[in-house]
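Trainee: As a plain string of letters, each chain reads:
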Amino acid sequence: MSLQKLEKVLCVEDEEDIRKVQAIALADLGGFKVLTCASGAEAIQEAPAFGPQLILLDVMMPGMDGPTTLKSLRTISGLEQTPVIFVTAKVQPDEIDYYLELGALEVISKPFDPMTLASQLRQIWELRHAR
Amino acid sequence: MPGESEDVKGKLETLRKAFVNQLPDRIRELEKAWAKLDSEAWNFEDFSEFHRGIHALAGSGAMFGCDVLSQRAKLLDNLLKALASDGQPPSKGTKRLIRDGLRSMKEAAAP
Chain H
19 MSLQKLEKVL CVEDEEDIRK VQAIALADLG GFKVLTCASG AEAIQEAPAF
69 GPQLILLDVM MPGMDGPTTL KSLRTISGLE QTPVIFVTAK VQPDEIDYYL
119 ELGALEVISK PFDPMTLASQ LRQIWELRHA R
Chain V
16 MPGESEDVKG KLETLRKAFV NQLPDRIREL EKAWAKLDSE AWNFEDFSEF
66 HRGIHALAGS GAMFGCDVLS QRAKLLDNLL KALASDGQPP SKGTKRLIRD
116 GLRSMKEAAA P
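Residue numbers (this note's numbering), protein chains in the order written: chain H, 19 to 149; chain V, 16 to 126.
Simulated from the structure, these hints should not be mistaken for lab results.
It cannot be assumed that every hint is accurate.
Unchecked claim - Each computed EDC-like pair below joins lysine to aspartate or glutamate, with the alpha-carbon atoms no more than 16 Å apart:
no.	chain 1	residue 1	chain 2	residue 2
1	H	K128	V	D82
2	V	K26	H	D46
3	V	K26	H	E98
Using the sequences provided together with the hints, build the complete structure.
Mentor: Spelled out as structure tokens, the structure:
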């Protein structure tokens, strides 16, 4: 079975500067089609029409945080299985375990390297399909 | 592609410069927000907004290589996180620590 190419990534991040960096890193350098959302609520509204293959989700956001957003995304038709990668400044091993238990595919720590973010996502994507 | 990579680096550098240039204004806004919080009856909503501003500077500062600023913002962020989970207005001592934290961030952001 051939590997489906990763093309559409949804980024959910409340900090505008980091959203811009993600968009440049993933669209300009990675060649992905990228949708950025500033909140969990916006992501829940926009994600179904966009149909992301992968979701990059900030953990600490005001209002709906990352884990709450993930739970809501899982109730949306078509997004029940969409892989989610949490992005967080907290990278203690027990916290990473907690995020993985919540259903995240992977955890990326902040600050991330914008020059390698796209290749990091591709690698995670390929590993997931190799499992 | 090397050309694309240079283009991306250029865009990121533009973002970084904009962030650095905006730092004094952003910290001034945080100082104003704190002065308001400190002088009036404790407002949890305004406090959350203030906390969010500090948290954002910790994250963006690290992203754009402003390590000292980011570390100082992170220290203050941790203090504010503890205060938020307390659910109580800050003591005089905590207020002093917050003022000190803001001052140290301002020093780190000075051109």
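Trainee: K128(H) and D82(V): Cα distance at most 16 Å?
Mentor: 12 Å, holds
Trainee: So if I understand the rule, the pair passes when the alpha-carbon distance is 16 Å or less; does K26(V) with E98(H) pass?
Mentor: 35 Å, violated
Trainee: Is the Cα-Cα distance between K26(V) and D46(H) 16 Å or less?
Mentor: 10 Å, holds
Going through the hint list in order, the structure does not satisfy hint 3, though it satisfies all others.
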